[in-house]
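With chain A fixed as given, assemble chains B, C and D onto it according to the hints.
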Amino acid sequence: MTAAGRAARALGVSAAVLALLGPLLLPGEYPATLGISIATFAVLATGLNLVYGYTGLLSFAQVAFFGIGAYTSALLVVQRGWSLWVAFVAGGIVAALLGLVVAHASLRLSRHAFSIVSLSLALLCLIVARDWVSLTRGPMGLPGLPAPRLLVPGLGAVAVDRPGVFYGVVLAFAVVALAATHRLVHSRVGRALVAIKLNEALAQSHGVDPLRYRLLAIGVSALLTGMAGGLFVFHLTIVDPSIFDFYYTETMLIMVITGGPGSFWGVVGAAVVISALPDLLRFSTDLRMVLYGIVLIAAVLAFPGGVGGWIARRRLLRWRRALS
Amino acid sequence: MGRIDRRLPIALLLVWLGAVTPAGAQEPIHIGSSIPITGGVAFFGQHSRWGTELAIAEANAAGGVLGRKIEVNFQDNRCNPAEAVKSVTQMLGEKKYVAMLDGLCSGVVLAIMPLIERAQIPLVVANASATAVAEKSGAGGNKWTFKVNPTDASLAEAMVAWLAKEGKIANIAFLGEDTDFGRSGMLGFQSALGRRGQKLASTDFYQQGTADFTAVFTKLRAQKPASLALYAIAADFQNLIRQYHSFGVGIPLTGRVLSDQIPKEILASGALDGTSSVQPYTPEVETAGNKAFVAAFQKMHGNPPNLLSYMSYETTRVLLDAIKRAGKADPAAIRDALEKTKLSSLLGDEIEFDKNNLAHKNAVILTIKNGQIVVLGLSRT
Amino acid sequence: MTADPLLAVRGLTKTYYGLTAVDDLTFAVAAGTIVGLIGPNGSGKSTTIDCISGFQRPDVGRWFLRGTELTGRPAHAHARAGVARTFQTVRAYETLTLLDNLRLAVQEHDGVTWWQSLARSVSWRDAEAEATARAHELLGVVGLTNYAGAPAEILSYGQRKLLTIAASMMARPALVVLDEPVAGVNPTMIRRVEEVIRRVNAEGVTLLIVEHNVDFIMRLCGHVIVLDAGKKLAEGEPAEVRGDPRVLAAYLGRGRASREAARRD
Amino acid sequence: MAMGLSLIFGVLEIVNFAHGEFYMLGAMIAYFLVARLHVGYWPMIAGVTLAVAALGVVLYEALLASVRGRSFERSILLTLGVSMVLQNGAIALWTTTPRMVETEYAYTNVTAGGIRIPLLRVFALALAAAAFAALFTVLHRTRIGKAMRGLAQNPDAALMVGIDPRAVSRLAGAIGIGLAGLAGAALAPIYSVHPTMGFAFVFKAFAVIIVGGLGDVRGAAIAAVALGVVESFVAGFFPLILVDAVAFVAMILFLLFRPAGLFGRGVRV
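Chains as they are written, first to last, in our numbering: chain A, 677 to 1000; chain B, -14 to 366; chain C, 2 to 266; chain D, 237 to 505.
Pulled out of the complex, with its shape left as it was, chain A reads as follows:
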């Protein structure tokens, strides 16, 4: 790496660190609240990217994993008195187990069956959350979730009840989750996932077991998504069936499609931009979803690789030029 490249990289890293810490430094609760939302969506979009972008399975069940993680951790804290730090991991595990069962059943048939079953799962979760009143309190939800307590060396137990502090927690989780996913997709596992997506038969002929790798991707994705849900609702202090809103699915899809399926930083970037921009610019809510729809159509028709695909195309052109 050249000296200029190193300097640029150092600049980029420090800018990123500053941007991440911004919500902690800026006054007021709004930057932190927005930061929580951005960090959460970065994890959600990356979870979908792992399943759709890398593995090629279009999953509508991400919102189900999110909501299951949310309900599980809320119920464990409220009814069983667990600490949130254990409960949100349990939420992720429950989501992952459910994801594995459903994926195993549907992937035996085909990846198309998986898409349709994942859609049903999301809707079924919504119905269960509304109607298993004795467990979920139905449409009334579980309000008044207590603020978690964090043991800080030297300070003792600190209540995480301010968005600023909560942002710190969510940010730490998001960094760990994204780092883990980054490591996964840049390991042999990620290579195998892409191979399965690109050409399943060829991958099999190389000894790759598609089902096993797909299950692994879905399991990890559901785990992280469920954990994100388990944390997020403690920021809201309430969990109700609207956690399964189909709107979240649409938003995640837009993030992955515009960022570029299979492009790690493309999707993270798209998640940040799409969760921040409409809010910061106060975009007219009436037409936001119409615009999302148009973006989706335009992206699928004219721009199928998203930002990540565009970068890959440039790389290909560079190679063509270099070799000709």
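Among these hints, one or two may not hold up.
Unchecked claim - Here are the simulated lysine to any residue pairs, SDA-like style, with alpha carbons at most 25 Å apart: (1) K80/B / L696/A; (2) K121/B / Q755/A; (3) K382/D / Y18/C; (4) K249/B / W330/D; (5) K382/D / Y17/C; (6) K204/B / A481/D; (7) K340/B / G820/A; (8) K121/B / G820/A; (9) K121/B / R838/A; (10) K249/B / A360/D; (11) K128/B / A835/A; (12) K80/B / V841/A; (13) K204/B / V482/D; (14) K81/B / R838/A.
Calculated from the structure, these hints are not laboratory results.
Same frame as chain A, but now just chains B, C and D:
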């Protein structure tokens, strides 16, 4: 292709930027409102907004409050706590809003209550009906939350009290939508009946957006309850009433029958005679204030008001009145003024908050006789 | 033929909608040899190799690699057991680099588990270094060294064929099954393919080659099997088979029946 | 409704997310024809069906033609985008206020064996039966119908025998979406009309085509009837809310145990 690709994001950015509205030059009093503008219950948000807009327009036409214009910023919450927390925190962060209005959905209100308490900005709830909102407010709870509309429990109690007087509380079946509205209506009915030694004969919930009710009507007809308590709103209510009529179900209705939304033909047919209903509001109430309100609303929005628009209208009036009495656009002063509210409603009763910051407005008891809606009276909730 | 061949196939039968593509086929491939599988269009060659590499399930039949039964096991298990293959339609991981294309072909064979790879353990590092070295070596053999870091989609048709052949050799499998390695490839490239095949065979890899180019087969193979209408028509050394009147009849005056049995090719 | 979806899937291999929105558009157009232009019931039905079928052609030409058979996932995403635009566009244009379509038959009932049945329901049932019969006849008796089935079963072979896939697909899109419009028109006078009405329907329709077997029109029709019967049975004897779960549970059971659908001849996806 490549050129289009590069231009697209820029074009989108311009669209977004174009939507940003410049701030006004003079300094009005700012109020925030969090309601569903998109999503499944956008219809209710629309009516809440219309009601508030009418009250604000009237106040501004009369010279504003404390000599300043009032401006309301309506933010969408999709009836989803996550969206509400984001947009309300954003509004609170700007520090220019002196109060918040509505929230509309109970889950949303419960989620934003801690936010406004921390920011020390009063929240006046117009339409969220969950009993929990009032239980957590006022003395010993959230001192910044006020609720103008009656709770589900108190409305159901008013209805059952009237039914008991008429000797009609035995063998009531329940049919309601599967939301906090229907669920807490059922709980309200159940406990009100329980206090009188009765219970619901059966309970059924349907998913919001259900179009066809033939099956449940068939079941109810076979079951033959003495009356059917209905908790339905919007499109579902219209579907229900039409199918109730065309299948000739014939079981007297009670509960929250939206008298103003029954098609004229069905009403005139007499099929609904014997129906009783409890509403926080109905346009048919014959007071001068209400008649003027209905006319003004129709003129401004081209639609008749419903109970949501009415409640938002009254709630906005309560808030404006408190700002006037506070004498300054200061959240804490407004909160104190809200506590001392004593304002006549359009229905002729006094709006006052109890120790839980809950107003006990009158509920309207209606019945249908000879194809006509008859207001039987107002009952304290 | 030795008593214990590398690959033994017994009684393989596969029908599609009532048409028999492979009919009670039995054959063996001896270790260290290059065996050619030829026959007219629709004689069942592709179906045969699809079955013995686990990509299709035959109705009847069993097959063994070094005496271990592989019957009924999934395709990836065949690959791990040591049966590598290429496809008639050229397949490569388009957007991955040539190096990754080749490394993928070996990563399920070197005993490094996925968590070792996640943890970036020493065994992973060693295995990855070895795979990279092997990939460079094979890219050198097929003449694609310059493209090592480029995405596979940049390659021409012939170059992709070379890449897939190289990939099939990556894991030093016991048996490599090549499905039409030189179809649509220009004569210079054919020479190069031949060279690659001889070279890996010298390393001890056994090959089973399906090909229409009879000259190519005759030059390379020590043993040739001829199929017609799903049945074994003849078998033996190239010269022997070439002179067999039944083979000539099958190739020159192809019967109607064999064409009807055709489903693919 | 489900039949149209099944036809689109069969011929185009496209899962149409926007189908519910075309149903909604059909109902909305019905509302404007009746409430504003005072068109009678039957002309309204015909007008709406044709108008929505025309929209189907536009949709196909503008968007679907480019993804046909290319990628299952892309077609889902594309039609999801269309659905978002139509649904939210309708909210922005017409607000979410529910509307009633008051036709001349609104309050007419027929009595059969002591049971009162609204005339409009009889009409809707008859229209559905007629649509099914017509579609079945077209698919099995006419040249173009055979071409459609051929395309659904084996696109390459169809190309070889001289079928123009674009023309056939366009027609299939028009018929499929036109059926959604017909459903909207027939049901608009029975149910209330609002922009989000299509959303709930389309998921149920998905369940129906999975149970019926993707791309199998006959299966879809029978599955729809069966689902209706099972749902009313459940509503009659169990809490009403279970009704909504029936379709999804049936779908999941079928996917697990009978993935090719009722008759086992649907396209394996």
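Hints and how they fare:
1. Only pairs whose Cα atoms come within 25 Å are accepted, and K80/B paired with L696/A is accepted, the gap being roughly 24 Å.
2. Note on K121/B and Q755/A: the hinted pairing holds, with a Cα-Cα distance of about 19 Å set against a maximum of 25 Å.
3. Under the criterion of a C-alpha separation no larger than 25 Å, the hint pairing K382/D with Y18/C is consistent with the structure, at around 21 Å.
4. Proposed proximity of K249/B and W330/D is supported: the alpha carbons are some 23 Å apart, at most 25 Å.
5. A distance of roughly 24 Å separates the Cα atoms of K382/D and Y17/C; the hinted pair therefore holds under the 25 Å criterion.
6. Proximity of K204/B to A481/D is assessed by CA-CA distance (about 19 Å); at most 25 Å being required, the pair is judged to hold.
7. Distance check on the hinted pair: K340/B and G820/A sit about 21 Å apart at the alpha-carbon level, within 25 Å; holds.
8. The suggested pairing of K121/B with G820/A holds, with an alpha-carbon distance near 10 Å, which does not exceed 25 Å.
9. Pair hint K121/B plus R838/A holds up; C-alpha atoms about 20 Å apart against a cutoff of 25 Å.
10. For a cut-off of 25 Å, the pair hint linking K249/B to A360/D stands: about 24 Å separates their Cα positions.
11. The straight-line distance between the Cα atoms of K128/B and A835/A is roughly 22 Å, inside the 25 Å bound, and the hint therefore holds.
12. A threshold of 25 Å between alpha carbons decides the hint, and for K80/B with V841/A the separation of about 21 Å falls inside it, so the pair holds.
13. Distance check on the hinted pair: K204/B and V482/D sit about 18 Å apart at the alpha-carbon level, within 25 Å; holds.
14. Proximity of K81/B to R838/A is assessed by CA-CA distance (about 21 Å); at most 25 Å being required, the pair is judged to hold.
Against the hints set out earlier in the document, no violation occurs for any number.
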